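There are 6 protein chains.
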Amino acid sequence: MKKTFTHLDEKGASRMVDVSAKNETERVAVAQASVLTGPETLAAIHDRKLPKGNVLEVARVAGILAAKQTSSLIPMCHPLNITSVKIDFTDNGKDNIYIRAEVKIVGKTGVEMEAMTAATVCALTIYDMCKSVDKGIVIEDVHLISKSGGKSGNFIFNKED
Amino acid sequence: MKKTFTHLDEKGASRMVDVSAKNETERVAVAQASVLTGPETLAAIHDRKLPKGNVLEVARVAGILAAKQTSSLIPMCHPLNITSVKIDFTDNGKDNIYIRAEVKIVGKTGVEMEAMTAATVCALTIYDMCKSVDKGIVIEDVHLISKSGGKSGNFIFNKED
Amino acid sequence: MKKTFTHLDEKGASRMVDVSAKNETERVAVAQASVLTGPETLAAIHDRKLPKGNVLEVARVAGILAAKQTSSLIPMCHPLNITSVKIDFTDNGKDNIYIRAEVKIVGKTGVEMEAMTAATVCALTIYDMCKSVDKGIVIEDVHLISKSGGKSGNFIFNKED
Amino acid sequence: MKKTFTHLDEKGASRMVDVSAKNETERVAVAQASVLTGPETLAAIHDRKLPKGNVLEVARVAGILAAKQTSSLIPMCHPLNITSVKIDFTDNGKDNIYIRAEVKIVGKTGVEMEAMTAATVCALTIYDMCKSVDKGIVIEDVHLISKSGGKSGNFIFNKED
Amino acid sequence: MKKTFTHLDEKGASRMVDVSAKNETERVAVAQASVLTGPETLAAIHDRKLPKGNVLEVARVAGILAAKQTSSLIPMCHPLNITSVKIDFTDNGKDNIYIRAEVKIVGKTGVEMEAMTAATVCALTIYDMCKSVDKGIVIEDVHLISKSGGKSGNFIFNKED
Amino acid sequence: MKKTFTHLDEKGASRMVDVSAKNETERVAVAQASVLTGPETLAAIHDRKLPKGNVLEVARVAGILAAKQTSSLIPMCHPLNITSVKIDFTDNGKDNIYIRAEVKIVGKTGVEMEAMTAATVCALTIYDMCKSVDKGIVIEDVHLISKSGGKSGNFIFNKED
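Line by line, the protein sequences give chains A, B, C, D, E and F.
Sequential numbering from 3 applies to the first sequence in our numbering.
Sequential numbering from 3 applies to the second sequence in our numbering.
Sequential numbering from 3 applies to the third sequence in our numbering.
Sequential numbering from 3 applies to the fourth sequence in our numbering.
Sequential numbering from 3 applies to the fifth sequence in our numbering.
Sequential numbering from 3 applies to the sixth sequence in our numbering.
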């Protein structure tokens with residue numbers, strides 16, 4: 003296996019890997035998380051007569067803010083000036099909300115962790131907003147969907163991997 | 003369904019629910035996350051001749067720090083003076099790391115979100131430390147294991163729910 | 003004038019005033035801010051056929067989160083475990099949105115700055131959400147409406163003062 | 003009205019608007035806030051025999067630090083590497099302190115919110131430093147004075163708007 | 003040696019040590035740092051005809067704010083509601099500024115790290131304010147002066163230790 | 003003395019000095035701190051049969067994270083996208099740990115404060131991890147070792163200065 007842990011040096015010490023010499027290119031990363039709310043909670047989120055979508059809108063704002071906190075949360079992440087964050091929700095009409103977070107940058111390193119963090123904190127916020135109704139909600143299938151830009155090339159998640 | 007979204011008022015507006023009148027009691031919450039690293043990455047984490055455990059130790063520190071950032075990340079969470087955070091790792095000896103985060107407080111409200119956030123940011127950090135080796139790692143089964151203390155009583159996660 | 007600047011010592015040095023000996027009591031503070039959007043922007047916020055209220059809902063989340071950041075923003079403020087934050091919007095039906103932020107705590111010192119900060123950051127967020135439409139929006143009349151609890155007694159804002 | 007809320011997508015969902023394709027240019031924004039201290043408090047700030055200016059100097063530091071926290075406070079703001087922050091105070095010699103905050107950047111998007119946030123947190127800090135003397139202080143006339151740089155052109159605040 | 007690293011468990015894993023069962027008592031910690039500015043820089047700080055003390059006043063505000071960030075900076079520190087922070091400066095009249103930071107709390111654990119962090123960030127800020135004049139400034143003698151309160155008893159720094 | 007305090011304007015007001023017109027160049031700064039642990043504590047850190055190095059590894063993570071918080075801690079520092087952070091430990095085999103922090107950037111201003119902050123917070127964390135064993139540990143000799151890049155030229159610390 004030639005691939006190595008770039009956040010560890012040859013002696014195993016953690017470090018923020020040096021990206022000084024890398025080119026600034028446009029980079030995009032997309033991540034997802036799935037929130038298994040169960041049917042009753044999903045219905046409660048959608049069927050309310052009140053201004054719709056507040057649970058999801060609060061979660062979306064949390065996810066967007068979290069993308070900007072990535073380098074404070076994940077120790078070896080570089081601080082980055084991300085140029086775009088979008089979070090979309092879909093559901094299976096039954097018991098599961100899917101979160102898709104897309105982050106962009108023009109910079110020296112990618113935004114995979116920003117997308118992963120946005121999706122995850124968004125999912126945690128849905129849990130928080132719903133936990134007075136159901137504490138058994140499960141967050142699943144958090145992974146990178148794709149990345150593009152940068153020297154290491156593109157990545158597309160492959161279920162078969 | 004009598005249970006309601008306590009972080010939304012009767013008009014659907016989000017709010018930090020009022021816990022002023024609640025008693026201060028000892029509360030414990032335990033959450034888990036699972037990181038499906040695959041066999042090669044798990045072996046690489048464990049088999050290194052270098053000072054062992056650095057990937058996991060960095061992730062543990064990130065999780066402990068994240069527990070303390072919960073109220074900055076999750077919009078409706080109360081700021082809390084947590085009194086203990088512990089994060090343990092186990093694995094299935096094959097391809098999967100299990101994270102268990104336990105958080106305690108003596109306070110007016112529970113620490114479920116602190117435990118969930120600790121486990122999740124810990125998992126994200128493992129992903130970050132390993133993503134130069136494998137970008138296809140998946141975070142799964144993030145959920146509350148148990149909580150105790152407080153008026154709403156104890157909770158134990160039940161797979162059958 | 004017997005009242006003094008408690009955040010300055012007798013030599014004029016700034017300090018976080020010592021509240022160690024104060025009693026823990028329930029304290030409430032309410033603050034307001036007014037956003038003079040003009041009639042077209044107010045109509046645009048309200049008349050959208052899209053899920054209503056997103057501008058205000060994003061602003062509300064920002065205000066609630068900001069209340070929790072008060073002691074990081076205002077140098078001499080004590081870090082506090084606030085127990086409740088509520089933000090309400092009303093408008094004059096024409097050109098002005100009124101923000102009312104209420105914050106509670108059971109603690110040794112009051113939450114006036116938390117309420118002021120919540121109202122103000124909420125107003126700034128409305129500005130941000132609307133500035134692509136109108137950069138001339140003005141934030142006005144930011145002040146404490148009332149406070150209760152604590153040794154210094156209650157306060158009610160008096161326009162005539 | 004052709005102008006649209008750029009922080010909302012076509013379905014009304016909030017987002018951090020994509021500035022990836024914009025050019026890096028020098029951009030300047032100036033904002034103001036006014037603090038109606040009343041005559042006695044203004045005199046107390048100025049007439050002290052102690053090292054002068056501490057109330058204002060603490061407020062200035064708070065405003066400069068707050069400019070750097072803008073993207074953590076205002077949900078849809080881009081994280082930016084601002085290159086300059088200056089905060090000046092003037093007063094009307096009677097009862098009113100005027101704050102003027104100027105922020106610069108060489109970047110893809112403007113710094114209006116950084117200037118507005120600097121002016122506002124500076125004003126809140128003056129309130130905090132003086133509230134032991136007078137809780138009735140009002141913050142008024144918070145608005146953008148001017149901006150330059152960027153594709154949308156220059157802006158100068160016009161009282162008649 | 004019976005004393006142990008309480009932030010490490012029996013297997014050497016880091017943790018936030020559990021203080022749930024400890025009593026809330028008043029606790030005070032005092033720390034110091036020394037900034038060896040050299041004679042010219044010290045004179046420049048003191049002899050300016052401009053509003054005096056700005057270098058030190060900015061540093062003081064930074065130290066007070068930093069005390070409140072301790073649990074975000076030092077991984078195993080508990081988040082605490084400190085009730086008082088004071089920072090004093092003295093100098094040897096020649097080439098050295100001494101910083102003394104005192105922090106108080108009524109809580110379950112001490113504030114040694116808060117006092118140490120306040121003194122240190124204050125010293126770093128003096129360095130930053132002066133580094134355009136002299137990059138060779140040295141920060142020395144950062145240590146706890148004393149602590150009181152809590153079960154482990156009082157501590158007074160002893161040069162002979 | 004022609005050198006001036008660039009973070010103060012001609013009237014002595016603090017400001018974030020304007021670097022808008024400066025060129026983006028690669029800049030490196032190296033700082034050090036020394037932790038006088040005493041012989042018993044140093045032996046305890048090294049001689050443990052448990053996974054070695056946890057005290058130092060936790061401190062290293064804290065230092066790396068702190069480098070990214072520099073502009074939040076030091077009031078006049080510019081927010082910067084640092085591209086590399088490395089922290090190394092050596093000791094004198096007796097009673098003293100030496101911390102060396104190297105930070106890089108391609109940017110308009112240097113990273114001296116980032117290196118100083120990384121070294122210092124790393125030292126504070128060693129203190130925190132060891133203070134249950136010895137509260138008398140002293141942090142010494144915190145200074146810049148070298149900087150390169152930028153218009154002001156290179157700097158190398160000279161003990162004789």
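The hints are simulated quantities; they were obtained by calculation from the structure and are not laboratory data.
It is possible that part of the hints are untrue.
It does not matter which identical chain is meant; a pair holds if it fits inside one copy or across any two.
Simulated crosslink set (DSSO-like; lysine-lysine; CA at most 27 Å straight-line) [as the list claims (entries may be wrong)]:
(1) K5 - K110
(2) K161 - K13
(3) K96 - K110
(4) K96 - K161
(5) K5 - K161
(6) K24 - K153
(7) K137 - K13
If you're wondering where the values come from, they're calculated on a predicted model, not measured in any experiment.
We went through each hint and held it up to the structure:
Taking the closest pair of Cα atoms, K5 and K110 come within 27 Å of each other only inside a single copy of the chain (20 Å); across copies the shortest separation is 34 Å, beyond that limit. Taking the shortest alpha-carbon separations for K161 and K13, neither the intra-copy value of 34 Å nor the inter-copy value of 31 Å comes in at or below 27 Å. For the identical chains of this complex, K96 and K110 are neighbours neither inside a copy (41 Å) nor across copies (35 Å), given an alpha-carbon limit of 27 Å. Taking the shortest Cα distances, K96 and K161 sit within 27 Å of each other both inside one copy (23 Å) and across copies (18 Å).
For a Cα distance limit of 27 Å, the shortest separation of K5 from K161 inside one copy, 21 Å, qualifies, whereas the shortest one across copies, 37 Å, does not. Proximity of K24 and K153 under a CA criterion of 27 Å is satisfied in both settings, with 8 Å inside one chain copy and 23 Å between copies. In the homo-oligomer, the alpha carbons of K137 and K13 lie at most 27 Å apart only across protomers (23 Å), although the nearest pairing inside one protomer, at 43 Å, exceeds that limit.
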